[in-house]
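*Asks:* One letter stands for each residue in the lines below.
2 protein chains.
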Amino acid sequence: MVQQISGGVCAPKGFRANGVHCGIRKNKIKKDLALIVSDVRCATACVYTQNLVKGAPILVTKRNVADGYAQAVVVNSGNANTCNANGVEIAEQMCALVEKHTGVPAGDVVVASTGVIGQQLSIDPIAGGMEELAKGLGDNSSAAAEAIMTTDTVRKEIAFSFTVGGVPCRIGAICKGVGMICPNMATMLMFVTTDVCISPAMLQKALSADVKDSLNMLSVDRDTSTNDTLCVMASGLAGNKEIISADSGYRAFCKALHAVTSAMCRALAADGEGATKLVECRVHGAKSKKAARLAAKSVINSNLVKAAMFGADANWGRVLCALGYAGADLDVTKIDVRFRSGAGEVFVCENGSGIDFSEDEAKRVLSDKEIVIDVDLKEGGYSATAWGCDLTYDYVKINGDYRT
Amino acid sequence: MVQQISGGVCAPKGFRANGVHCGIRKNKIKKDLALIVSDVRCATACVYTQNLVKGAPILVTKRNVADGYAQAVVVNSGNANTCNANGVEIAEQMCALVEKHTGVPAGDVVVASTGVIGQQLSIDPIAGGMEELAKGLGDNSSAAAEAIMTTDTVRKEIAFSFTVGGVPCRIGAICKGVGMICPNMATMLMFVTTDVCISPAMLQKALSADVKDSLNMLSVDRDTSTNDTLCVMASGLAGNKEIISADSGYRAFCKALHAVTSAMCRALAADGEGATKLVECRVHGAKSKKAARLAAKSVINSNLVKAAMFGADANWGRVLCALGYAGADLDVTKIDVRFRSGAGEVFVCENGSGIDFSEDEAKRVLSDKEIVIDVDLKEGGYSATAWGCDLTYDYVKINGDYRT
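So the protein lines, in turn, are chains B and W. For reference, each letter of the first sequence is one residue, going 701 to 1104 in the working numbering. For reference, each letter of the second sequence is one residue, going 701 to 1104 in the working numbering.
Honestly, I wouldn't trust all of these hints.
Which copy? The list can't say, so a pair holds if one copy fits it or any two copies do.
Below, in silico cross-link-like pairs of lysine-lysine (DSSO-like), each with a Cα-Cα straight-line distance of 27 Å or less [said to hold, decoys possible]: (1) K1069 - K762; (2) K1063 - K1097; (3) K905 - K1069; (4) K1069 - K1097; (5) K713 - K1034; (6) K835 - K1034.
Since the hints were derived computationally from the structure, they do not count as laboratory data. For clarity, every value in this text was computed on a predicted model and none was experimentally measured.
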């Protein structure tokens, strides 16, 4: 039984967090440095961007978690520390500062950065802010969630409880988006903590399987970032028998993990840069899982579909068009399409052809804040869901002049 | 020697054209029906969209040109005749109407439609307008170019002269865009006429080779349309010795064809929906042609790069990011990036890292109407060019409510 509880990364046993403004961002007083520390070393699993251009922090994190363990996470916003000649050095200095102020060895620190690419990141504000950051460690998941935000308009944190072999466990997370989001094996920055006891190998297995149906099905703008990092740390302090195989305890944890990641995907999509709407494409009746995923993502990625959703325009022909170029094995003459929201449902396309529907009704359905584009391929038993958002004037505004 | 001459599809010997308003568009008086007729049967080659959802006219055209010949082109705008149960029947009726009013057999007619997907196309306005359309056939390439426009803001026609074995030949074209443009083997609607004498097989060979470096390198919004059609008709009336092999005459024709298609790509990109700028990405120093093409298209397709170009923001990190996820074989630590325009050049990234540059200078360079993003991979001798445009408020506006 996976149940939502209050809090974020500090909900599981053994984790403290904090976030401060240290001054990386000069033009506004927004928190820009976050820290998460565990009381004990944690089994740790990560997935990263598949972009060939990788942020320097990813190189350092990979090395630090190579043994399957970590104990702290340090993150700055306001600068991606990517495409900088001294990037690795700066990332290593960030880990060293964590060791200095918390005692966690630098080699057990996960480090991440988010913001503008290609501007040198000075260590000075981070060195200046680390003491305050470490001193304030406590039940401050929200402060950490705020400190990692870039163009996010709301902070994103969530927590769930679940049981493994009758033992109560908890899992929590913070994450940030919300542009340059089209994950491929990992996305944006998301830090998940849990007190379940699980081996590093099983934790990585669970995470790698999960992202295929969670973060890899999320797209705000089809731009796979250079710094995407998703990290799960398990303290083991819940006291369950360690999960070391794909047993019922493993499955219970996977369910809880998916509750976290899918909820965060919805939150990231809804807060996509400039977005006014969460758009969810549910494809079912596919011949294969691959076809279902390709079809759902193609619809979510279409600028034309996204602009139509912004305008509450039931232009289902664009959905068909996106399905047609998805690269998925499907029969276009069988496709049914429905638009659905809290305001109702409208059936717009049957067997690949248009059917009569009320434009007024469609307008009402599509004027909601959460839209489902339901696609039935009527060919098999596989399904997939992808999350995205509408394309708006504000997306263009935000990205027309992001750096200044 | 390929030289631009005045005119469009009527510049080559043997072609007449016309365009009228027949009433498919009810809400505005804009020409919506076009006709091109040759005095003789023409060797004809076509490429079409690779979208699985194909407009009904494409099915009919494919059948009509299966023998390598055609003599007329009929096109309507305002309705794509796609995803309609009676679509093929309507497309066949359009061909029959051409036969009735021009004498060209219905089986020798290329038919195309562009506009909204999934709304039934009535034959009535077309039947009503065909007589006037046929009667007005003459040196009216511009009228035909106007009649095929949808959200295009300018009509697109061009013509060149060239010689084959000393014999003067001509080639001309009209085309339309400007949304749902991310061609894959073909794009939008483009009709090319030439009076060169060439076999259907060599004409198809020339066309299929050409699109890899012309229309397949163009993207306005990454949405591959359902109706893309590119058709080349060769009347043979120039009187050159028929081109039947890949000889010097064939190469002369290929050059002329590329002059037409690349000029049209630039025109289509510059007039992309909502665009204020033509953006050209020139990749050189690639290890392979494939890597060069993938890299150039990835940059052109990035919403973030496009929005930065709109804002004249030298955010080269987004160019690096797009190169990193292009799926191309390249070394990100070697990449040099320059922005160039009529206003100058600014060198922004060397060996994958940022270098100092003047933001004022960059702003001036990027405020031009035609921007070149020059990418040197410094790994080999292959190059490719892709064309696109900026992402603007107007793109969102146009596509937020296209149908009404």
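*Asks:* Determine for every hint whether it applies to the structure shown.
*Replies:* Cross-check of the supplied hints:
no. : hint          : in the structure
1   : K1069 - K762  : neither (38 Å within a copy, 43 Å between copies)
2   : K1063 - K1097 : both (26 Å within a copy, 17 Å between copies)
3   : K905 - K1069  : neither (35 Å within a copy, 50 Å between copies)
4   : K1069 - K1097 : both (21 Å within a copy, 19 Å between copies)
5   : K713 - K1034  : neither (51 Å within a copy, 46 Å between copies)
6   : K835 - K1034  : neither (61 Å within a copy, 42 Å between copies)
Going through the hint list in order, the structure does not satisfy hints 1, 3, 5, 6.
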